[in-house]
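Take these sequences, add in the hints, and give me the full structure.
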Amino acid sequence: MAETIIFQSLPARPAPTKTEGLVPWAKANLFANWQSTVTTFVVGGLLLYFIPQFLNWAVLTATTVPNADACRAPGVGACWGVITEKYRLIIFGRYPLEEQWRPLVATLLLLALLVASCTRAFWNKWLLVLWAVVVAIFFALMYGNVLGLSKVTTDRWGGLPLTIMLSSMSMVMAFPLAIAVALGRRSKLPAIRTFCTIYVELIRGVPLISVLFMASFMFPLFMPQGVTIDVLIRVFAGLTLFAAAYMAEVIRGGLQAMPKGQAEAAASLGLSYWQTQGRIILPQALALVVPSIVNNFIGLFKDTSLVGIVSLYELTGSLGLALNGDADWRPFKLEGYVFITFIYFAFCFAMSRYSLWIEKQVNKSKLR
Amino acid sequence: MAEAKVAPRTPPSKRDWSWRSQAFRGLIYQILAVLLIGSAVWWLAHNTSENMRIRGIKSGFDFLAAPAGFDIGESLFPFDSNNPYWKAFLIGITNTLRVAIVGIILTTILGTLLGVGRFSRNGLVRGLCQTYVEFFRNVPVLLQLLMWYLLFTELLPDIADAKHFGGFFLSKGGLSFPDPVWATGHLWAVGGLAVGAVLTWAYRRWARRSFEATGRLRSMFWVPVAIVLAAGVVGWLIGGAPSEFNFPKKGEFAVEGGGSLTPEFMAVLLGLTLYTSSFVAEVVRSGISSVARGQGEAAQALGLSKGQEMQKVLLPQALRVIIPPVTSQFLNLTKNSSLAVAIGYPDVVSIANTALNQTGRAVECIALIMLVYLVTSLSTSIFMGWYNAKSAIQER
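Top to bottom, those sequences are chains A and B.
Residue numbering for the first sequence follows my numbering, beginning at 1 and increasing consecutively.
Residue numbering for the second sequence follows my numbering, beginning at 1 and increasing consecutively.
Please keep in mind that the hints were generated in silico from the structure rather than gathered at the bench.
Heads up, some of the hints might be wrong.
As the list claims (entries may be wrong) - Taking lysine-lysine and the BS3-like style, the derived pairs with C-alpha atoms no more than 30 Å apart in a straight line are: (1) K306(B) with K18(A); (2) K333(A) with K306(B); (3) K125(A) with K333(A); (4) K312(B) with K390(B); (5) K27(A) with K163(B); (6) K125(A) with K364(A); (7) K87(B) with K163(B); (8) K27(A) with K125(A); (9) K306(B) with K390(B); (10) K360(A) with K260(A); (11) K333(A) with K87(B); (12) K58(B) with K87(B); (13) K312(B) with K27(A); (14) K163(B) with K249(B).
As the list claims (entries may be wrong) - Some chain A residues flagged as far from chain B (calculated, every beta-carbon gap over 10 Å): (15) Y49; (16) A73; (17) W101; (18) R204; (19) K333; (20) F345; (21) I358.
What the hints assert, rightly or not - Beta-carbon label-pair distances, calculated as ranges: (22) N295(A) with E297(B): 30 to 38 Å; (23) F245(B) with D328(A): 42 to 50 Å; (24) L334(A) with G259(B): 35 to 43 Å; (25) N145(A) with W386(B): 57 to 65 Å; (26) G270(A) with R55(B): 38 to 46 Å; (27) G148(A) with D71(B): 28 to 36 Å.
None of the values given here were measured: they were computed from a predicted structure.
For each residue, glycine too, the CB sits at the ideal point set by N, CA and C.
Rendered as structure tokens:
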């Protein structure tokens, strides 16, 4: 008879190392080895030194009272009073004070339209109609002179509405031009290809400011005698020409990424050039480059800050307008800059997140 | 069974002068395009010359020889208001190039560090680099320039109580620093550096040969750096070791002596560098992450350290992806230096703007600006094209 086997449990093995949670994360990311630990202490020390100082200035000792003397009192940090006092001048420029609901409504409409344009459900031909309607309402509201609204000439437009209008509308205007130029640059016809190449390289080789100088100093000379064009329209045209050159390159990149078989298949079905481009190539190519186009738009949005140099008072310009001539508030320009930095950052950051998101959406169709 | 009889259809020949021929239609389209654009250009030119005649605006570049009549805040060579316009433009161009070249060098260093920092093992460094990139690239560069200019001109102390550290003075008047007094001995030092560079080239060539022959790895960075520095020091010693410095001194109203940087220059340089390096950092990051995963894993399997992995395996391969977009960032920096006009740094746009206001020759002045930037852009892209070809994969 075999010996009786008495069951004996083995001692428990140690639990596996914890890989989730705060402590393991810190071990892997902050104190992995001695170099990492030293870095953590140095960087962390600097952060612990500067962040409280900044918070102290921006929040704890700051004042929001719109009173310049209160801001000058010793021990007072940031003077947000300059914003509470001047925000209407900064955001709406020189637009008449009692009429400022008009740019507000117009801008909100335009923003809603932009958000709609970013939504895939709206990507059809009705979007074009919507754009036409909203742009018409925008100008009617801003310019007035209809439906009992008083007339406000373009030289009084300014601030954020101008920034959003200039960037979004010149982008939309540049779009068809960019498609034409991108197709032209890949055309088999040498004359057309040369013209498109010269245009793109010329515009991309010079800074925006020289294009704006051209719009403001040279366009008046280009026009026949007696014809004057509003400076807003001229700057608008300059921005459109500028944006179109950059966008044409982006679209050309998308066109080049199309496999040759697509065009050959279309040709074997007997499709004409325009049918091939319009129904086969462009829809695929444009979907590929949507993220880059959004990035282009962010660039253009930031670049509109330059039109202040040719005396159109968009957001950056209207800040100067609000503070430069006012001896009481001039010393607090830094707070003003921080304020509009925040506005620009909010718009650009949101759009760059959107660009990343749409990139993922576009790539989804390629995954199986 | 009836045989289907199809008349053989000959394809239209290339020389077919009918609407059915693609070649013919192409020709017509091109002629139309040339006519359209030609007449548009003619129309604009005609209007311009008419307008100029009626308004009495003279045209031509003869104004370049006339005295400029304005002073320039900073220039690399002496200038006064009696000097001609062409000299003013020359100063503008050198000022543009000065800020652009220094900016490109600083941007390359900062951008690469930030981009590599995104792959750091340390979470704080990674987060800091990402925050930097997100913040600086989402704020207009003009706004950043204006802010730096405000900081340098309004928030720094007055010249009378300039901040003083070592031989440096920092105040609203700019940054003053000790400037070595030029002596012939320095020429020897420069000669020594040149000799060192030649020696380095020879050393690297020899080291590479010997590596290929024997597999022995020699330092390709620290030894060459040591050679260049040592040769420079030897030259300096032969030249009599001139070590006299021109220290800035605080006077009654200004800091005198020594070298100095104006607040305008510093604002433009700092603004452009910080803005552009956020873009370069993104380019470097995406370049590195485009290198196949296996490369990094293989490097680790061979026992390379994290630093060696980055230096010897990832970065050289990433460089091919990085160079074209970085070129366009360098060009952007150069073009953005034109924003200096907003804060009064006398770059070429600012000079041209003054000249335009004084002489009214809009067409000529704007054409000069465009020409300068076109030449710069084209030459930069030619140089980077050459460098890109050099670092491309050597295929059979």
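For each hint, the structure was consulted:
Distance check on the hinted pair: K306(B) and K18(A) sit about 24 Å apart at the alpha-carbon level, within 30 Å; holds. For the hint linking K333(A) to K306(B), the alpha-carbon distance of about 46 Å lies beyond 30 Å, and the restraint is violated. A threshold of 30 Å between alpha carbons decides the hint, and for K125(A) with K333(A) the separation of about 46 Å lies outside it, so the pair is violated. A distance of roughly 17 Å separates the Cα atoms of K312(B) and K390(B); the hinted pair therefore holds under the 30 Å criterion.
Taken as a hint, the K27(A) and K163(B) pair is broken in the structure, with Cα atoms around 42 Å apart against an allowance of 30 Å. Restraint check: the Cα-Cα separation between K125(A) and K364(A) comes to about 24 Å, which is no more than 30 Å; the hinted pair holds. For the hint linking K87(B) to K163(B), the alpha-carbon distance of about 36 Å lies beyond 30 Å, and the restraint is violated. Only pairs whose Cα atoms come within 30 Å are accepted, and K27(A) paired with K125(A) is rejected, the gap being roughly 55 Å.
A threshold of 30 Å between alpha carbons decides the hint, and for K306(B) with K390(B) the separation of about 27 Å falls inside it, so the pair holds. Taken as a hint, the K360(A) and K260(A) pair is honoured in the structure, with Cα atoms around 25 Å apart against an allowance of 30 Å. A distance of roughly 36 Å separates the Cα atoms of K333(A) and K87(B); the hinted pair therefore is violated under the 30 Å criterion. For the given pair, K58(B) sits about 21 Å from K87(B) by alpha-carbon distance, which is consistent with the 30 Å threshold.
Taking the CA atoms of K312(B) and K27(A), the gap is near 28 Å; set against the 30 Å cutoff, the hint holds. Between the alpha carbons of K163(B) and K249(B) the distance comes to roughly 12 Å, so the proposed pair stays at or under 30 Å and holds. For Y49(A), the shortest C-beta to C-beta distance to chain B comes to about 14 Å, beyond the 10 Å cut-off, and the non-interface label holds. Here A73(A) stays apart from chain B, with its beta-carbon at least about 18 Å from theirs, past the 10 Å limit.
The beta carbon of W101(A) is kept farther than 10 Å from every beta carbon of chain B, the shortest such distance being approximately 27 Å. For R204(A), the condition that its CB be more than 10 Å from all CB atoms of chain B is violated, with the nearest at approximately 8 Å. With a minimum CB-CB distance of about 6 Å to chain B, K333(A) fails to clear the 10 Å threshold, and the non-interface call is violated. The claim that F345(A) lies off the interface is violated: its Cβ sits roughly 5 Å from the closest Cβ of chain B, which falls inside the 10 Å cut-off.
Every C-beta of chain B lies more than 10 Å from that of I358(A), the closest at about 17 Å, which supports listing it as non-interface. Remark: the range hint 30 to 38 Å for N295(A) to E297(B) is upheld by a beta-carbon distance near 32 Å. The supplied range of 42 to 50 Å is met by F245(B) and D328(A), whose beta-carbon atoms lie about 45 Å from each other. Between L334(A) and G259(B) the beta carbon distance is about 29 Å. The supplied range of 35 to 43 Å is therefore violated.
Take N145(A) and W386(B): their Cβ atoms lie about 59 Å apart, and the range 57 to 65 Å holds. One distance hint, 38 to 46 Å for the beta-carbon pair G270(A) and R55(B), is violated here, with the actual separation near 58 Å. At roughly 55 Å, the beta-carbon separation of G148(A) and D71(B) lies outside the given 28 to 36 Å, and the hint is violated.
Hint compliance for this structure: hints 2, 3, 5, 7, 8, 11, 18, 19, 20, 24, 26, 27 are not met, and every other hint is.
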